[in-house]
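All chains, please: the whole structure from these sequences, using the hints.
The primary structure of each chain is shown beneath.
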Amino acid sequence: MNKLIYLDNAATTFPKPASVMKKMIEIYSRIGVSPGRGSYDLAAEADELVARTRRKVADFFGSPDPDRVIFTGNATDALNIALQGLLRPGDHAVSTRLEHNSVLRPLYHLHMKGIIEYDLVPFDGKGFVDPGDVIAAIRPNTKLVVVTHASNVLGTVQPVREIARLCAGYGIPLLVDAAQSAGVIPIDMQSWQIAGLAFTGHKSMLAPTGIGGLVLNRQIEGIEPSRFGGTGVDSRSLVHTEDFPYRLEAGTINLMGIIGLSESIEFLEQMGIESIHAKEMALLNKLRDGLSLFDGIELYCTENFPDHVGLLTANIRGMDPNDAGAILDGDFGIAVRVGLHCAPLVHESLGTSPYGSIRFSIGPFNSSDEIDQVLLAMTEIERHGRHGL
Amino acid sequence: MGDLSQRFCTIAGKEILVDNEGFLWHVEDWTEEIADALALECGIERLTDAQWAVIRFLRSYFSYYGRAPMNRDLKAGLGISLLDLEALFPGGIRHGARRIAGLPNPRSCT
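Going line by line, the protein sequences match chains Z and C. Under this note's numbering, residues 1 to 389 are what the first sequence spells out, in order. Under this note's numbering, residues 1001 to 1110 are what the second sequence spells out, in order.
Treat the hints with caution; some may be incorrect.
What the hints assert, rightly or not - To give a feel for the contact side, a few chain C residues facing chain Z, derived at Cβ under 7 angstroms:
1) Ile1080
2) Leu1083
3) Gly1092
Because the hints were derived from the structure by calculation, they are not lab data. Glycine residues also receive a C-beta, built at the ideal position from the N, C-alpha and C atoms.
Following this line, the structure appears as structure tokens:
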């Protein structure tokens, strides 16, 4: 079989840039100690690298305050910290049916504990949320709006600038889940009036797994920590520090991941995220155009490609997407993601529950030739599959 | 998909615990009679030799490794493409072959 064609970049980009991997290992081999703990120079050097990376992240997302860059394990971790730290008993939150379980489950958990109420705004037939619908769902006790920037199932980029502007008019902070957009769509939190942003390193940021972040603007006040412990500062006190970023970080941070993130931001800035996005969209266009020629293949919400990230979702009529994924992998060496993509309400709305769909997600290292091979594979599957459902 | 809901179902005259998609909950509950009954549910009047070969491979692999074969092992072990395997069973690979062979429903959130 030929080399694997990897089209599961929306889950985790693979491979990582060789330069990022190389420098990450080099630097970690040299300074892989506890940042900021201890009186020796190496700890101070590691701490300086962490501080530099906070600045890089803040600059990358247009946030003015590096101290409000909280390192987390991933976007889910960041969203949990934000949702559980910001919402109080009696509060109401607004979100959307496009969300990943990283938002849906914390909201549901808080609701089932009797702490909050929330409403989920629908999306239209093209995969977009109407900002007016978000605002219409606001109640007097609404304390937070949380919206995904790009759907992990449909790839549609949501109008978060407009939503943020409208929310600001009501004095309600907007928390953006940028898991799928960070690294391919430029984001400027300050001018867009985004109060909080959750991102992960392991997708389009091209960093390793296990590193992500929560970036907060000064609009966010009084966020409560949900984890407590060692921070390297104020060790005598039993009270966890209120100072950012340690307020929301406890325990030794993921230095290896932070180095990787620092290096991957350098890589993205050298490449230019607009040019990475343009390349991915060119390949996605080719894939979309090829797949749309088949009567037996159904595509979902691929009309508005200007407002899209490099993924699309499809089904072969009558075939369990799990089987399609197995065939693509086993017979053709093509790795895709099938099923519900941890976003069950999107599939419920599309009518693709309970089996979901096949998601093809492009990364910066995919090629036009690979898309040709995918289209050939899909031709064969569509023509010869029995389609057992 | 791995629906964790359980229910009892009468299959080939036995009360068998299955999940909401009709996959056996306990792999050891499987018998050839149950395979015939599950096949009938899929519209297979009588399992062919080729279908039995697939079922026996899946059972044997699961007994040895304690898990279902990966895609490459399935293809190599059967000596046919997964596209042909999908076409061999009404219901396809997962709902057809795997379910009739009595293997558990994959629990991973695919």
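Now the hints, each set against the structure:
no.: 1; hint: Ile1080; in the structure: violated, 10 angstroms
no.: 2; hint: Leu1083; in the structure: holds, 5 angstroms
no.: 3; hint: Gly1092; in the structure: holds, 3 angstroms
Comparing the model with each numbered hint stated earlier shows that hint 1 is the single one that does not hold.
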